[in-house]
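Participant: One letter stands for each residue in the lines below.
2 protein chains.
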Amino acid sequence: MSEHDYAPIISYLGPEASFTHVAAKELFGQVGLSAKPTIPDCVEAVSSGRATYAVVPLENALEGSVPLTIDYMFNEHDLFINAELSIPIQQHLMVNQAQANALDSIESIHSHPHALAQCHKYLLYQYRGVPLIQSTSTAAAAKYVSENPDKKIAAIGNQLACEKYNLHMAEENIHDFHFNHTRFVVLSQKKGKLEKHGHTEIPKTTLMVKLPKDDRPGVLHQVLSVFSWRKLNLTKIESRPLKTGLGNYFFIIDVLEDEEAPLMKGALEELKALDCSVRSFGTYYSYEQRPTRPN
Amino acid sequence: MSEHDYAPIISYLGPEASFTHVAAKELFGQVGLSAKPTIPDCVEAVSSGRATYAVVPLENALEGSVPLTIDYMFNEHDLFINAELSIPIQQHLMVNQAQANALDSIESIHSHPHALAQCHKYLLYQYRGVPLIQSTSTAAAAKYVSENPDKKIAAIGNQLACEKYNLHMAEENIHDFHFNHTRFVVLSQKKGKLEKHGHTEIPKTTLMVKLPKDDRPGVLHQVLSVFSWRKLNLTKIESRPLKTGLGNYFFIIDVLEDEEAPLMKGALEELKALDCSVRSFGTYYSYEQRPTRPN
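Here the protein sequences line up with chains A and B, keeping their order. For the first sequence, numbering that gives the first Met the number 0 begins at 0 and goes up steadily by one. For the second sequence, numbering that gives the first Met the number 0 begins at 0 and goes up steadily by one.
Derived from the structure by calculation, the hints contain no laboratory data. Any given hint could be a false lead.
Since copy identity is lost for identical chains, a pair holds within one copy or between any two.
In silico DSSO-like pairs for lysine-lysine, Cα to Cα no more than 27 Å straight-line [claimed, not checked]:
| no. | residue 1 | residue 2 |
| --- | --- | --- |
| 1 | K190 | K120 |
| 2 | K235 | K195 |
| 3 | K120 | K209 |
| 4 | K209 | K189 |
From a predicted model like this one, the values you see are computed outputs, not experimental measurements.
Bound-form chain A, shown alone (with noise of 0.2 Å):
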């Protein structure tokens, strides 16, 4: 619980130093946030009424698994988006400050399965044959540095666990794909836009579109007919499985318009008339954080 008594409290996919608080962090400040051990534990924080807000990854995810975002938010809860924030991924090299003189004698390198994954070609080049050592987050493996000064090791992770664990950065930006980017989402109870400093200036909404019984090849044409004749523009269609049996499936699709402008409402009105389930999760502005140069 933070010190002021009226502040949210804003539940995140943890641990403390992990990408999405990185994320939670950059929205809300320090007050309030609380680390969760996985998605539906954040997801539910929000649902039970313990926390306002969730933060969790949607998409090309670091710590989370985003299917899981899209299941829960789908199947279990009534949850809207209130914002999203886009943060570049980048991953750093970093050890214990009694071995800042010693990167050359590096005997192993600790970080989660998916932070080694994304810097393969660096590690391939600069440290081929050092064993790689999996952790259960970047945070985790920081950690592990920070406690065991005599050891010749190193971490991959970010900028805030390189603070937090107060280790030294020795290369930043390893990472293999640049402009690459994780999505969080900010969910809440109500639909609402989280107004901050910095959004996009054209709002987004999000969908969920089941199509009629009758699946047969061109509907999906028929659905996008009724955004594209409208010139709506999507930034993002997605077909997942519904969990109801093989072969039947839905799509979250992403529209840059407020669900309340005219053309949107006729664009849900038309969807429904062609027998689609819809169901919207609010409409939203995106936050964009800028790549940072540590120190």
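Put chain B on the given structure of chain A with help from the hints.
Facilitator: Coordinates of chain B only, in the frame set by chain A:
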């Protein structure tokens, strides 16, 4: 290396007894399987010729980050899909044989964070308050339980891990969502259909389509028309960000047709005429493992 000099080497996302191992065994049997620590390691084993096939998770995965598979397939290597296998996600609670009669006094439950999340409701109802300890894989949790017969601990994982580490099956099928599948693909350097008993009758082709630079609203609609008027059935469509900056997308489209069929050839030609860049990952069969009851 296998005992047969000519048997192919199959790299899969490890460790042993992972869900990907289950998939690899189902398709290739026991011989020639080689566990790799990350998805890029699996892919690189094939593109360097050290392995003939790679088995990696593609969708709704437990132990791998799915965007990683797509990123490495799209950006890095000229690989093709030779088969896909869908296996049901079945999570079980298992304890050391020495603790088979002490299920009421379990003091902690160990597993990969995704597996813990997939059994969220079961754990909430049956083991509320029991600490959940994260491990790097479901197999690592099972191994830990097998090595600590005196501890009152349990692991969550698949049947293969239960067998490999000779654990006692305490409760079967404790996952929250039934009908949940993970989709694995077999990659190789050559196009071709891996033929085994029990595949689907209709082959599937996976395409990656990059829209023309002129990314006006409705261009995706135009792309889908290409398939729609030919009555080609799409089983998946997903937009993925290109790694060249925000707002640039490509599409992954699965079509239920052989790429050599006349209608498909026409569709691919027409996509190119629309100024799309199209890459085919080849045509392959889908296999499906049915849920099994352990023992």
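Participant: Could you run down the list of hints and mark each one as holding or not?
Facilitator: The hints, checked one at a time:
In the homo-oligomer, the alpha carbons of K190 and K120 lie at most 27 Å apart only across protomers (26 Å), although the nearest pairing inside one protomer, at 43 Å, exceeds that limit. Taking identical chains as interchangeable, the C-alpha atoms of K235 and K195 lie at most 27 Å apart only when both belong to the same chain, with a minimum of 23 Å there against 36 Å between chains. For the homomeric pair K120 and K209, the shortest alpha-carbon distance between copies (25 Å) is at most 27 Å, but the shortest distance inside one copy (41 Å) is not. Proximity of K209 to K189 under the C-alpha cut-off of 27 Å is restricted to the intra-copy arrangement: shortest distance 22 Å within a copy versus 37 Å between copies.
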